[in-house]
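Asker: Given next are the chains, with one letter for each unit.
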Amino acid sequence: AQSVTQLGSHVSVSEGALVLLRCNYSSSVPPYLFWYVQYPNQGLQLLLKYTSAATLVKGINGFEAEFKKSETSFHLTKPSAHMSDAAEYFCAVSGGTNFGNEKLTFGTGTRLTIIP
Amino acid sequence: DSGVTQTPKHLITATGQRVTLRCSPRSGDLSVYWYQQSLDQGLQFLIQYYNGEERAKGNILERFSAQQFPDLHSELNLSSLELGDSALYFCASSVGLLAATDTQYFGPGTRLTVL
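First to last, the sequence lines map onto chains L and W.
If you use our numbering, the first sequence corresponds to residues 1 to 116, in order.
If you use our numbering, the second sequence corresponds to residues 1001 to 1115, in order.
Hints in this document: simulated from the structure, not taken from any laboratory.
On a predicted model such as this, the values are computed, not experimentally measured, just so you know.
Ideal Cβ placement from N, Cα and C applies to all residues, glycine included.
Treat the hints with care, as some may be off.
Stated by the list, open to error - Which stretches of chain L does chain W cover? Using the computed rule of at least three CB atoms under 8 Å from a CB of chain W, they are: (1) 13-23; (2) 54-66; (3) 102-114.
Stated by the list, open to error - Sample of chain W residues facing chain L (criterion: CB under 10 Å; computed from the structure): (4) Gly1016; (5) Leu1043; (6) Phe1064; (7) Gln1067.
Claimed, not checked - Okay, derived cross-link-like pairs now, EDC-like style, lysine to aspartate or glutamate, Cα gap no bigger than 20 Å in a straight line: (8) L:Lys58 - L:Glu88; (9) L:Lys58 - W:Asp1102; (10) L:Lys49 - L:Glu71; (11) L:Lys49 - W:Asp1102.
Sequences and hints are given; from them, build the entire structure.
Answerer: Right under this line is the structure:
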């Protein structure tokens, strides 16, 4: 079974400051990990995903995340926050291509607010 | 715009009723996934269909059922509705059958309110 824990349901950062959204995972098999973003009144959009290749994954809109097996973490970062980054962010885990463990399990989400 | 369409956008109904939510996947996508997003349970995977066949099941209640038609659109049927079924229901689609390796594209959702 797989699960993720997102630390901090609300995060506020100033425009131009570093964005750090935390995600820790638990998985009985090598995990695939994802970050999705949800803007108000919209569906989810994939930001980036880790599928057992490079541990540092670059995504869209300047975001990146690093897979750290020793810390069971997959934190999302962006060097400089923009007002347009204000949204809800979801971390998700899957058992990858391991049949029966493929489905995505989502965290509870982190709402990111950008302070002008 | 993800290319995934969902209708209706909003649905208000009463307890005990039955509703049908519809999803049209992106052109060329063979998989359809249904998710429920609620304040209590967060975002949960319900069920996946691939090319008309059920592929994977998540936390889907017995009162709920889904199907994927030959034209690849999908419907999620919710019956004997309870207050707790009020939620945002998302449909997503992907090219292949692997939930993890194929990027899932999400529709805008159907907001269901049960009174």
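Asker: Confirm or reject each hint.
Answerer: Status of each hint after checking the structure:
Residue count for the region 13-23 of chain L with a Cβ under 8 Å from a Cβ of chain W: 0. That is fewer than the three needed, and the coverage hint is violated. With a cut-off of 8 Å between beta carbons, the region 54-66 of chain L has 0 residues touching chain W; three or more are needed, and the interface restraint is violated. Check on the region 102-114 of chain L: 8 of its residues sit with their Cβ under 8 Å from a Cβ of chain W, so the three-residue criterion for coverage holds. Taken as an interface hint, W:Gly1016 does not check out: its beta carbon lies about 29 Å from the nearest beta carbon of chain L, beyond 10 Å.
With a cut of 10 Å, the hint placing W:Leu1043 at the interface with chain L holds, because the nearest CB-to-CB distance is about 4 Å. Annotation: W:Phe1064 was flagged as interfacial toward chain L, and the flag is violated, the nearest CB pair being 16 Å apart, outside 10 Å. Evaluation of the W:Gln1067 hint against chain L yields a violated restraint, the C-beta minimum of about 19 Å exceeding 10 Å. With a CA separation close to 19 Å, the supplied pair L:Lys58 and L:Glu88 stays within the 20 Å bound.
Taken as a hint, the L:Lys58 and W:Asp1102 pair is honoured in the structure, with Cα atoms around 17 Å apart against an allowance of 20 Å. Of the pairs offered as hints, the one joining L:Lys49 and L:Glu71 holds, with about 18 Å between alpha carbons and a cut-off of 20 Å not exceeded. Restraint check for L:Lys49 and W:Asp1102: satisfied, since their Cα atoms lie roughly 10 Å apart, inside the 20 Å limit.
Checked against the numbered hints given earlier, the structure breaks hints 1, 2, 4, 6 and 7 and satisfies all the rest.
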